[in-house]
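Chemist: Letter by letter, the chains look like this.
Number of protein chains: 2
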Amino acid sequence: MTETSRRTSIGAQRNLQSRDAILDAATAIITEAGLAGFSIEAVARRARAGKPTIYRWWPSKGALLLAIYELQKPDLRMPDTGKLEEDIFLFLKGLINHWRNSPAGAIYRSIVAEAQSNPDSALAIGNYMTDRYEWIGAILKHHQQRGDLADWIDTDIAGEQIASFAVARLIMDRLERPDEDLRQAARQFAKGLRTQ
Amino acid sequence: MTETSRRTSIGAQRNLQSRDAILDAATAIITEAGLAGFSIEAVARRARAGKPTIYRWWPSKGALLLAIYELQKPDLRMPDTGKLEEDIFLFLKGLINHWRNSPAGAIYRSIVAEAQSNPDSALAIGNYMTDRYEWIGAILKHHQQRGDLADWIDTDIAGEQIASFAVARLIMDRLERPDEDLRQAARQFAKGLRTQ
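Taken in sequence, the protein lines are chains A and B.
For the first sequence, position 54 (counting from the first letter as 1) is numbered 54 according to the numbering used here, and the numbering increases by one without interruption.
For the second sequence, position 25 (counting from the first letter as 1) is numbered 25 according to the numbering used here, and the numbering increases by one without interruption.
Watch out, some of these pointers could steer you wrong.
Using 16 Å as the maximum straight-line C-alpha spacing, the simulated EDC-like pairs for lysine to aspartate or glutamate come out as follows [what the hints assert, rightly or not]:
id: 1; chain 1: B; residue 1: 141; chain 2: B; residue 2: 131
id: 2; chain 1: A; residue 1: 191; chain 2: B; residue 2: 85
id: 3; chain 1: B; residue 1: 141; chain 2: B; residue 2: 156
id: 4; chain 1: A; residue 1: 191; chain 2: B; residue 2: 151
id: 5; chain 1: B; residue 1: 191; chain 2: A; residue 2: 151
Hints are computed from structural coordinates only; laboratory data are not their basis.
Input sequences plus hints: build the corresponding full structure.
Modeler: Now the structure itself:
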């Protein structure tokens with residue numbers, strides 16, 4: 001190993017440590033103090049990092065909050081049971097339970113609040129959600145290939161319809177409503193509202 | 001007219017004047033200063049009213065903001081053309097244009113932001129949205145009576161699906177996306193995602 005590459009490697013390792021320290025500090029602050037106590041300055045102080053270091057990786061409060069949010073969901077998948085209606089139901093139920101039973105719901109709500117007055121954070125959550133809609137859409141494409149999702153469906157828009165239902169439940173504080181609602185919504189998404 | 005009834009009537013009139021002054025002041029403040037500058041105290045000062053007077057009518061910041069929001073939409077109806085898919089499309093387009101072209105969008109975004117950390121405001125917007133879902137649902141019931149909306153549909157949940165799509169567009173700052181998206185979403189809501 002040359003002197004240069006060793007130095008780079010130590011630098012890279014320090015960077016990773018610093019990144020982790022920032023994410024840990026940000027998670028602790030948002031959990032303990034909520035959005036009102038959350039600022040890049042407070043995170044920098046707690047992580048013993050410089051504000052420019054934080055901004056280098058996350059250009060807005062919203063972007064940093066989304067990074068923490070992502071860390072909260074190690075194992076959330078779009079189900080792929082092969083039955084369209086069931087997959088939509090399981091996805092809605094899984095996401096809503098995740099929001100109810102982990103700090104993820106509160107963190108996501110903070111991101112939404114922040115994004116309503118901070119254009120950089122609005123851009124961050126808008127881009128993030130576009131990715132999520134496409135991610136749901138990719139699973140729906142499997143159904144399209146199997147022939148149980150209609151050919152003319154725009155799978156990204158379908159992803160947006162399904163995710164928007166869950167997001168609205170979260171931000172309107174309606175997560176506690178019965179699972180039967182989610183089953184009915186899944187059926188209505190799959191079969192459509194009109195008389196066949 | 002007795003002395004008592006005259007006094008009551010003057011009192012009632014003063015109440016209405018005071019109510020209007022409060023709503024005007026609240027509208028001016030949220031439009032000029034946004035949520036960061038909006039407080040019951042600031043509204044009271046500008047309207048020359050007491051804070052208890054405001055709280056008597058609107059128990060939370062969210063409730064007062066919802067009252068202003070409602071004043072912004074004098075003529076927004078759920079369309080009833082008789083064609084289900086077209087009605088859903090026109091509703092989505094009308095609501096999104098209304099949010100884009102009046103202060104209503106910014107005010108609604110402030111209410112959402114406020115509701116993420118203030119439980120009283122969360123309750124206010126949750127109740128308000130439940131009413132809106134039922135209001136859309138009532139129009140969908142006409143379609144059910146005519147036979148073009150399936151019998152097994154829960155019209156309130158259908159209202160929630162449609163409204164949630166629009167609300168998510170607003171809060172993710174995606175109102176500028178093309179109308180074609182809304183037409184596609186309306187078709188997918190009406191016909192369903194699955195192969196018929």
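Chemist: Give a verdict on every hint.
Modeler: Now the hints, each set against the structure:
With a C-alpha separation of about 15 Å, the suggested pair residue 141 of chain B and residue 131 of chain B falls inside the 16 Å cut-off, and the hint holds. As the CA atoms of residue 191 of chain A and residue 85 of chain B are separated by approximately 14 Å, the hinted pair is consistent with the 16 Å bound. A C-alpha spacing of about 9 Å is found between residue 141 of chain B and residue 156 of chain B, which places the hinted pair at or below 16 Å, so the restraint holds. Among the hinted pairs, residue 191 of chain A with residue 151 of chain B is consistent with the structure: their alpha-carbon atoms are about 12 Å apart, no more than 16 Å.
Among the hinted pairs, residue 191 of chain B with residue 151 of chain A is consistent with the structure: their alpha-carbon atoms are about 12 Å apart, no more than 16 Å.
Against the hints set out earlier in the document, no violation occurs for any number.
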